[in-house]
Structures are given as C-alpha cells and as structure tokens.
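Asker: Using the sequences and the hints given, assemble the complete structure.
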Amino acid sequence: MKLDLIFAPQHDPGFPHSALPHLKGFLMRELPEIEVKCHDLNHLFYKSVIGSDYNLVLNDFRHNVDKSNSIEECISNVLDFEKFTQSKFDLWSLKHDGFRLTLRSLDAPHSRTKIEEIIKFSENVTPFDSLFGKYLQESDADVFGINLSVEDQILPSFRLVFLIRELKPKAKIIWGGALLSRVFPVFGNSLKHYFDFIIIREGEMPLASLLKYLLGKNKFPKNDDKIKAAEDIKNCSVVRDFEKDTTQVTDISITGGQIFEDYDVDNYWNLTKMLPLLSSRKCYWGKCKFCTIHESWDPKKRILDYKVVLREISNLVNEYSIRDFRFVDEASPPNLLKDLSKGILEARLDINFEIYGIAEKRFLNQSFVSQLGLSGCVQSYFGLESIDKDLIKQMGKKINQSDSISQIFKNCAESGIHVYSYALFGYPGATEKANKATTKFIINELNLHTATIGSFVPVIGSPFALENKNSLVHENGFTEDFSVFIDENQMSYSGRELGNKEAKKALREVLESRPDLALTTLFNDESRYYLSKKFGANFAQKVDVSKLNTLRGEHSIIDFAIRQRIDRGH
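Everything in the sequence shown is counted per UniProt numbering, starting at 1 for the first residue and increasing by one.
Nothing false has been slipped in among the hints.
Keeping only pairs whose Cα atoms sit at most 25 Å apart, straight-line, the calculated DMTMM-like set for lysine to aspartate or glutamate is: (1) Lys410 with Asp390; (2) Lys542 with Glu512; (3) Lys300 with Glu467; (4) Lys287 with Asp390; (5) Lys114 with Asp97; (6) Lys37 with Glu312; (7) Lys37 with Asp266; (8) Lys88 with Asp53; (9) Lys95 with Asp107; (10) Lys533 with Asp324; (11) Lys547 with Glu73; (12) Lys398 with Glu432; (13) Lys83 with Asp559; (14) Lys505 with Asp559; (15) Lys83 with Asp266; (16) Lys37 with Glu151; (17) Lys301 with Asp241; (18) Lys172 with Glu204; (19) Lys301 with Asp251; (20) Lys47 with Glu319; (21) Lys37 with Asp196; (22) Lys533 with Glu319; (23) Lys244 with Glu151; (24) Lys88 with Asp525; (25) Lys393 with Glu243; (26) Lys504 with Glu151; (27) Lys168 with Asp142; (28) Lys134 with Glu261; (29) Lys219 with Asp251; (30) Lys287 with Asp251; (31) Lys273 with Glu82; (32) Lys533 with Asp544; (33) Lys47 with Asp107; (34) Lys300 with Glu30; (35) Lys134 with Asp107.
Hints were generated in silico from the structure; no laboratory data involved.
Answerer: Structure follows, in structure tokens:
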C-alpha cells in the first residue's frame, strides 16, 4: 500500500508544517510495509508563484542580507525581499480574477465558509489545477491523507480532493488536521463525496489502526472515537462540548521524531533555513476562554523529556545542517525550557530558536530567562491580551502576570530575546478604560518589540462559546466563527464585528506613536527573527525609521504600515 500525506496551499511558506513529518515518522516505525510520502503542495505552490528561478532568487536574497555592511543596509535588503515577494503575489493575483494572495491570506471569489460555495469552487477550474494535475499524474498512491490546519487551505483542499475522486476513483481519502478536528460535523451531509474517513485530534494511533484495516490486517476500529465515517458524523453538531469528542490520549513518548526526507528543507521561502520542533502537546494552561487551539489536541497536556527534544535537535542539525528552529508548541512549558536550555549549553549546540510563551511568573526569574537567551532563544511570542487585571481574569487568563509584565519583557529584552506580543480588543466586558490602558502600555513599553492588535471573534470549541451557547448563532458553515453574538442587552453583533473598531483605533495610535513597531509589523515572522538574531532584539530601535525605503517607496514606513495592517486588513 502507498500513502500520500498532503499539505495543501495556503499557509506560511517559511518552513514545513510539523504535522505530516510527525505522522510519517510514526508510520514508518509502526507500519514499515506501507510506503509513506509527504507532499508539501503549499511549498510547490509558492515556488510556482515566485517563478522558475525560485532557488536562484532566494539564494541571492540570502547572500545580500548576510553580506550587508550595516543594519540600515540589511533592513533595506530585507524590505526588498518583502517587496519582491509581494510583487510576485500581486502579479499572481492579477492573473487570476477574484483572487488575492498575501503571506497571511488567500482571498478567493468563492466563500470558504459556505458549503455551497466550497462545492462550486471544487467543481470548477481553479488556479491550482496545473499544480494538482501534475502531482496526481505522478502519484500512484492508494490512500490520500489530507491535512487541514487553517481556513486558507479549505478551498484548495476541496478542489484537490474533487480531482482525486475524478482521477483516482478507487483511492481512499482520509482527512485530519487542527481545523478539521474542530469543524468536522459539517462533512456529515453535503460533503460526503469528499471523504472516506475523518480522523480528529492527534492522528498517529488512529491512522495506523485505519491503515491496518485497509490492509486487511485488522477489523474496522469501530471503538476508536477519533475515526469518523459518514454515518458517524451525520448527527454530530458543530457547536458541542469538545471535551466529549474523545477520551483517547496519544502517548507522545512512543510516537518518535519527525522525518523530513520528502522536503526540500533548504529552500523554503525564508531568509533563514528553519525547521519546526514540537516538545509538548496541548497548552499547559489551557483555560483562556477565547481560545480554541487546545481543542485540536488530545484531552490531556503532555511534555516530552528534554533529553528526547535535545536528541531530535542534534539529529536534525547533523542530518540537514539546519541550526534554526521554531517550537510550535501551543505554549512552551517553562520547566522543559529550563532543562532544555541547560542541555543545549552543556552540549555546546550552536543553534537558535523561537518559542510561544505565556507571560507568567517563571519568566520573572532573570537567571532562567538569561539561560534561555544564552542557549539560543531569539524571539518569544506572548499573549498579552490586555493590561487590565479584571479583564484578564474574565478571559480566564489568570496565569498572566499583569503587574509584572514590564519586568518579564525587560528580562527577555536584556537576554537578547525579541518580544512579540498580541493584544485582544472587543472581549465582552472590556471597558474603554481597559482599552486605553492597554494601548498606552504598548506605546510606552520599549521592551516590547513587535505588537499585534486584533479583535475578539467567538469561535466554536472555546470555553467562551460553551458558556454563552444560548447567545451565539452558528450557521453550520465550514468555519469556527459564530455568525452572530447577542450580548446581555440583547444587542446583536456580527461575530467578526466585536472589537474591530477599537482594535483599528488602537493599532493606528500605536503605529503612529512607535515608528519601530510600524517597521517590525511589516516583516513576516521569519524576517523579523533573522534581523533579531543578526542585530539584537531591539534592532528596529537602532535605526532612523524615517530614512528607510518602504515596500512601495512612495509612503513613509508608518503610513505604509497603517495601509497594510488597518486599511487593507492584512
């Protein structure tokens, strides 16, 4: 049997997504008789957008930034990289009427949230057909595994599956992935044609069981509540208590590491060659009421032994000569980071990495944060959400150290760690006073190096949704978002309207007050990582932003950041 694991467009093209390399690693050990191949069609899509000289252009940009003589020259070269990238995206968009491509999004003439629009898109000619057709012509797989992690993948993934049904009618199609795990009930009726099986949450064990069944080695694993056939989901509700989806918990001590042999790891669209790492599963806090990410994992937090993570890092360095990594844990556990950073230093591993962190009390320990920086941590993403303590409690984020957030950011900055933080506007109960305080904090906090300000959207699977299920309306589209929220005063809001006005107002004020934040918000995550590694966490504060050329040239950095992040919404 031959299995193709597929990651479809559109997603961050900077490095491989970690899900399929993990699956392949496990399956090769568990079922060596099955030939497993990973196909990153997202990477191939971006190669086609950039053009036939993709590798040459990428290497030229890497050479130019590496050989830059000054921070100003390097930043200008990075801006040129961003400008070139967007020009290629704009050209692709012009060629395909109704489509708009950016690093952060794919807009299409069909809605990705409406079932009838998804079906219509899948049944007609699309800009992805050449790529998909070539892939399917070369594939001899018996089983296709489709990973659906983000909303921008929805339309291309359904088009691909439609073509698989046409060209490979005997093949079996299995869907999985983070987004799919949360919205799978919508497959129950109109979308039966597009799948044979669905696997929710973590997929190693159920996929192995399902493949053994398809091989004729086992009976169908009907007691595995992670495996869904059409008849299993026809009565499921999109809006549900996610804790009841499954009771199974994957033992990550036996799943093993990632295998990247099918990936062109040197040539992802990134100024730094980078690979993902996963040291834990499910957020170790997991109580934020606005968040649904933790519902993609099995219902228990698990953390690998730091020695296992250290061994995987060493293996990847030795095999691929790559020394930059992103930990894609939902939130990196501090105890593991403490042991791992010590292990990295003791092993004298010359690496760099970035993490997703929680601004909690252990980051108040300067020796811990200093050790983290010395071991190679370049950038940390923190969820600030708000500086208002009462609102933080309402959000369920009591772990955040609101009184000490400045000290946490200071510890990181002094340890050479670029501080990237998210703020959330529009959460029910937020006051104008809280919004102003958070905006003022961002403006005045110079140890905050990049800020993203977003608006609250109620999503299925979040604790907020469960608590307010009688005040939310979901139209059973292919989306996590609730279409309507009814507040305590019986006022109705579009699910995407909450806090939108306040967020835009705050972001404009921040960008106009902090030129350095206007600059850093223009870079993609990997470019910002590169500049932080080369020139320090506060690199944007070391230059006169007014003298830099913008991505378009005709506007100041501040004006362009406002146009990109507020007026155009990307």
